[in-house]
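What follows is each chain in one-letter form.
2 protein chains.
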Amino acid sequence: MTSPSPRPRGKMVNGFDPEASGDLPPRDRAMIERRARLLGPAYRLFYETPVQVSRGRGVHLYDADGNEYLDAYNNVVSVGHANPRVAAAVAAQMGTLCTHTRYLQDGILDYAEDLLSTFGGRIGETGHAMFTCTGSEANDLAVRMARHCTGKRGIIVTAEAYHGTTALTASFSPSLGVSSPLGPWVRQVPAPDSYRLPPAEAGRRMAAAVQAAIDDLTRHGDGVAAFIADSLFSSDGIFAHPTDVLAPVAEVVRRAGGLYIADEVQAGFTRSGERFWGFQRHGVDPDIVTMGKPMGNGYPVAGLAVVPEVVERFGREIRYFNTFGGNSVAMAAARETLAVIREEKLMENGAKVGAFIRDGLTGLMKRHPGIGQVRGTGLYIGVEMVKDPASKEPDGAAAAALVNALRRRRVLISATGYFGNVLKIRPPLVFGQADAERLLTEMEAALDEAKG
Amino acid sequence: MTSPSPRPRGKMVNGFDPEASGDLPPRDRAMIERRARLLGPAYRLFYETPVQVSRGRGVHLYDADGNEYLDAYNNVVSVGHANPRVAAAVAAQMGTLCTHTRYLQDGILDYAEDLLSTFGGRIGETGHAMFTCTGSEANDLAVRMARHCTGKRGIIVTAEAYHGTTALTASFSPSLGVSSPLGPWVRQVPAPDSYRLPPAEAGRRMAAAVQAAIDDLTRHGDGVAAFIADSLFSSDGIFAHPTDVLAPVAEVVRRAGGLYIADEVQAGFTRSGERFWGFQRHGVDPDIVTMGKPMGNGYPVAGLAVVPEVVERFGREIRYFNTFGGNSVAMAAARETLAVIREEKLMENGAKVGAFIRDGLTGLMKRHPGIGQVRGTGLYIGVEMVKDPASKEPDGAAAAALVNALRRRRVLISATGYFGNVLKIRPPLVFGQADAERLLTEMEAALDEAKG
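Protein chains in written order, with my numbering: chain A, -16 to 435; chain B, -16 to 435.
Just so you know, the hints here were simulated from the structure itself, not pulled from any lab data. Be careful, since some hints might not be right.
Derived DEER-like restraints, expressed as beta-carbon distance ranges [to be verified]:
1) A:P173 x B:G266: 51 to 61 Å
2) B:E292 x A:V161: 22 to 32 Å
3) A:T109 x B:Q171: 49 to 59 Å
4) A:P164 x B:T109: 38 to 48 Å
5) A:R68 x B:K328: 51 to 61 Å
6) A:D97 x B:S374: 17 to 27 Å
7) A:R68 x B:E51: 23 to 33 Å
8) A:R68 x B:F304: 54 to 64 Å
9) A:A380 x B:F304: 42 to 52 Å
10) A:D198 x B:S374: 57 to 67 Å
11) B:A75 x A:R350: 40 to 50 Å
Partial list, computed: chain A residues near chain B (C-beta under 8 Å) [said to hold, decoys possible]:
12) M77
13) L165
14) V169
For glycine and all other residues, C-beta sits at the position ideal for the given N, C-alpha and C.
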């Protein structure tokens, strides 16, 4: 790889720069100033020109003037913005009961049973479900349990991983940037960059890097509690293939007495278009699976599934209670979201529409050599922008320009990866053929515009 | 204090013992077995005989057979179970838009402005609001920011504090029991036990204990990042008075360069019946205020308010994003809950009904010397059960027997404190005069029954 100019590490990909707000319409500028005053400096907006939203429906968002945006970014609302079935289920349960898990209720048990049936492997056989409100809480709890179970401290992640925003999960989320310190018991391994490395070697290389990390953790007295990864490597740049990478890694981790945690916050709930869970594409049998974002189509519900032996001592000695986790309404939202995913065959839709989008984007490569690679699976698509397809030098500026050009055309996507040079296309799972065509049309126009 | 028999530290107060499930009705036993299979060993139920719930309304819960329970325990549903106004606000917003904070939206700004107006002090002047999904996340973020701001690590809490269930917050929550290790940078100070110590000395003693903890943390190289407390000392045993305790503590902490974090998850949103926030009763001006449970009447919404200088560098260097935190529906739920609290004058109701309950309970002391003290404020009431009012020896067994006797009479309360001997009465804020009378009638009957 040639010398790239990485994005400033304290800044986020596709973040709005308040210093550059001079050109905004007065209404937006006033709103941004009010926001800075009320919410403070830790909050960030997307895009050079932030998007104001007033309502949503399906794959569309609308601003106060009624302008329509095509949402090709938000995976949380996987069954569509303001999905009427989920809204009705939440409304009905809110009008009936919303309470916690220290009383007996059927809803949580029905959902847990249904959810556990999706896993297969050891979790499918005898696993338990536990509920939190956010993916961060799920990963935090997973690592707490992994440490309690193994008696070890070390955590191994990919180089640009993101696993959450609690103190613990932030400490093994290198993508938060250099100002956010990693724990001394954290080791990073390169993600399987299928664009730059021979795909046939990816599994062997990653397993070797994980073994080296384990050895180093052991040498430092921490040992390995867990390896945790998102099988789509979303924040590393979206590497959905090859799918024979994580099984050898799991083997190495298990041999050292560590646990394999599959972080399915991004890849789960059929996002890949191929399997219900991302780890299933790699043929691994995880000890813990964490989940979140799309689970309740926007209602704050998340959780994990775990093999009994990992939670046995933790459950006896520590117990777990999360006031809102697994509450009656959360379970109703999750149940209805899962029903819609199944009944509307959204996995099949994602496979078909995702392939159509990737084909269309691939077709643009000849006229647009800045597109280094089109990759992904289902409706999780990455487009790597480079300065030159021969050198493969990352082009974060080109990606940022495209993201903002599309935003001006009212199509919402973002970017990811260490250099921020990989377009991230990750729409609601109800994204249809016509939506894909609109996306491709606008993408082509944006690329042409950039060419000048 | 004479030699008490503390409850087993791995067990919770008022937890159901699955070993003792033999006497339960077959339907409940089957449900409990199903629950153990699906949710695993970390989940606990309340009561010797768990309560099954199917619906709720106002201060009442109902089981599948239509039996009515008087809820004198659940503070989350502060404006009442299945409050129709909050349910309608959530339903309307779910049908319109539910998205995150990286787009411009009015709802979050309107709510933040309204919320910040309740604080007074420095936060009221120029503070910022930040939103999470749970009180645990709020406390986790508060301590992350406190450490980033001060460059110190030490955290000082009360002896039986509870501040959350993330890895970080659990590590400064001694009430989770001895199996859950405290961080090496945590120091505990005794709560102001107004039953056993001269109230006039409480502030001086606590400030001295905090100073000693600061000195010890400094000696160990950690220094003090923050003191954090719930001003009602709920998990320590509910000590609502005296109210001149925390100002001298804040003074000592600030002099050492540490921050004062007011954990208002329990005491906030008018629970005390006297002020909107619990810390206001002590006249302190906190650096960070965290909040949760009743904020959205059961919808998972929580957050914090912070003075600008504490979040300034954190905001610039780290940023903060919580996918579901501050989402459109969370803000609608919180806004409507706050409106109901104000419009139905629930603070005034809590003051009046709470005083009536405390008077009634105090009236029972003569015939029932096991009641050592009745205390609290508003609708947060503690009843300390002792073996003998002279020795003040804690009687956890008597408290447990009363909690379960009331449960048989379909009145729900719980217990708290290190010895589990303090009855915890903490109903929805819509608890009325007739509800209070029913509670007192059943309490008297349960006490008489225990006397035999």
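Violated hints, by number in ascending order, as checked against the structure
3, 4, 5, 6, 8, 9, 13 and 14
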